[in-house]
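Protein chains: 2
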Amino acid sequence: MKPELVRTIAAARERCRELRQKGRLGFVPTMGALHRGHGALIEQARSECAAVTVSIFVNPIQFDRKEDYQRYTRNLPADVAFCAELGVDLIFAPEVEEMYPTEQKTFVEITDLSSHFCGKFRPGHFRGVATVVAKLFHIIQPDIAYFGEKDIQQLTIVRKMVEDLNFPLIVSSVATVREADGLALSSRNERLTAEERRLAPALFQALECTRKAIEAGEGVSEAKQKGLAILQKIPQMHVEYFEIANPDMQPVSEITGPVRVLAAVWLGQTRLIDNVLALKIE
Amino acid sequence: MKPELVRTIAAARERCRELRQKGRLGFVPTMGALHRGHGALIEQARSECAAVTVSIFVNPIQFDRKEDYQRYTRNLPADVAFCAELGVDLIFAPEVEEMYPTEQKTFVEITDLSSHFCGKFRPGHFRGVATVVAKLFHIIQPDIAYFGEKDIQQLTIVRKMVEDLNFPLIVSSVATVREADGLALSSRNERLTAEERRLAPALFQALECTRKAIEAGEGVSEAKQKGLAILQKIPQMHVEYFEIANPDMQPVSEITGPVRVLAAVWLGQTRLIDNVLALKIE
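Chains as they are written, first to last, in my numbering: chain A, 1290 to 1571; chain B, 1290 to 1571.
Hint data in this document are derived by calculation from the structure and do not stem from the laboratory.
Misleading hints may appear alongside valid ones.
The list cannot tell twin chains apart, which means a pair is met if one copy fits it or any two copies do.
In the DSSO-like style, the derived pairs of lysine-lysine whose C-alpha atoms are separated by at most 30 angstroms in a straight line are [as the list claims (entries may be wrong)]:
#1 1515 with 1355
#2 1409 with 1291
#3 1311 with 1515
#4 1311 with 1409
#5 1522 with 1439
#6 1311 with 1394
#7 1394 with 1409
#8 1355 with 1394
#9 1439 with 1409
#10 1522 with 1409
#11 1569 with 1522
#12 1569 with 1355
#13 1291 with 1501
#14 1439 with 1515
#15 1569 with 1394
Note that the structure is a prediction, hence the values are computed from the model and not measured.
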């Protein structure tokens, strides 16, 4: 059955109120350009909730570069068809003017967790993410909201926001979906040239290399260096950051518990991020 | 009937869920030390809603001065008795550790509206207010929340926060309650010495003088000067600010619509604020 598509906040509120009467309401916030990574979030929501709402909104206030906002893929008919396949009940796809009818002056800031990694290189990005997620939570009022582990810093920040502001909902995370060669699914992969696409899996390989070094007991700088060496062999790849973080998204100087190896690289005009969990067994 | 008193977030959520089944839930957030000003908020809530929750929480993160936080009046038994008289259904009075169990890293900021007046003299104050109000809204999930006009900048900021973040509730404001001599009710009035109490109504008189000057067509600086002259005659009174603001809480240089005359003064160790609306009839 085709999901219902609503474009206004008032209509979304009304339909979500009805959907909540069936039982738990699951929510998957997206910027559209849906792929199997989003599909995994929707399927998880579908399996745990009585109804599922997907939002499709390319949020201007989270883009630090205007050209990235303008270039971001928009294809609502394809996204609606994708949601229909997966049994989504409601799609909320507002225009920018519906979400920001007046000058936005209220922002949700998460300190410390936003300082490093993507937060350092994309000033204002996580403030924009947290703010729009807070808005969407208030409009949809889900019982469970689903976020992918690929955006680990975003996931950590949303979890902390929900905890700190006592949002009445659960944040559920879903593992990163990868291509057969390891490349994490991302809307931005479409922008890669054939050559860049061929090189892109090196990012995951580098993260895995560092993960294995950590799990084998190597120190932070040695483990990082091993992964970085893989990326540095590729002239087309520019490393923005390649780091090891604790669960509070702070860089670590030694490994004392579970950590994330996380990185952002540029391949030509396209920025890719990815991360893996490293669990050293003592 | 005595209102139920709950001290945990979990219990508040559960009881509010039950109360919402009766119909509209009204919410009056307070820091306790309840007086007839709060009483007017509760009565308004009582008349418009099926059930009323009052929160009593002296919020540490909104105090810019530690001694002000420590000195703030706390008298829960008196507050419970006050709420009982007014037919409150539920009192939520958490400890600090319940509201801030881990280091708070998420803050709600409202730009521009917080720049002037109290926001200028109390750095971080409105960030702390907006953050705790967001938390309380998520815990209580009211249909209507009530705020007093005495704290006009706070009211304006909460309204903008609710609008910008799409909180699913209505903000309702209630007129300032005054003593017979014009002094606005405030928990801080208790701290005044007998002499200070005698002098305190000059604040309202000065605001009224400026209001009348504006409504008589005088310019901003003349109107302000007339009010200020009243305060400057009182050596014990130190004026923190005495300003004319538009509805977006920006100082105005000319009168082109409805404005607020608002001021903060120190009387000895006590800071008093007040404001009045000025409507120039064209």
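Consistency of the hints with the structure:
1. 1515 with 1355: neither (35 angstroms within a copy, 50 angstroms between copies)
2. 1409 with 1291: Classified as neither: same-chain Cα gap 41 angstroms, cross-chain 53 angstroms, threshold 30 angstroms.
3. 1311 with 1515: This pair counts as neither: shortest intra-copy Cα distance 51 angstroms, inter-copy 63 angstroms.
4. 1311 with 1409: So residue 1311 and residue 1409 fail the 30 angstroms test inside a copy (42 angstroms) and across (48 angstroms) alike.
5. 1522 with 1439: within (24 angstroms within a copy, 65 angstroms between copies)
6. 1311 with 1394: For residue 1311 and residue 1394, neither the intra-copy (36 angstroms) nor the inter-copy (35 angstroms) Cα distance is at most 30 angstroms.
7. 1394 with 1409: both (22 angstroms within a copy, 17 angstroms between copies)
8. 1355 with 1394: both (20 angstroms within a copy, 28 angstroms between copies)
9. 1439 with 1409: Within one copy only: 18 angstroms inside, 41 angstroms across.
10. 1522 with 1409: Within. Shortest intra-copy distance 25 angstroms satisfies the 30 angstroms Cα cut-off; inter-copy 53 angstroms does not.
11. 1569 with 1522: within (27 angstroms within a copy, 73 angstroms between copies)
12. 1569 with 1355: neither (41 angstroms within a copy, 44 angstroms between copies)
13. 1291 with 1501: neither (45 angstroms within a copy, 62 angstroms between copies)
14. 1439 with 1515: The answer is within: 22 angstroms in one copy meets 30 angstroms, while 62 angstroms across copies does not.
15. 1569 with 1394: between (44 angstroms within a copy, 28 angstroms between copies)
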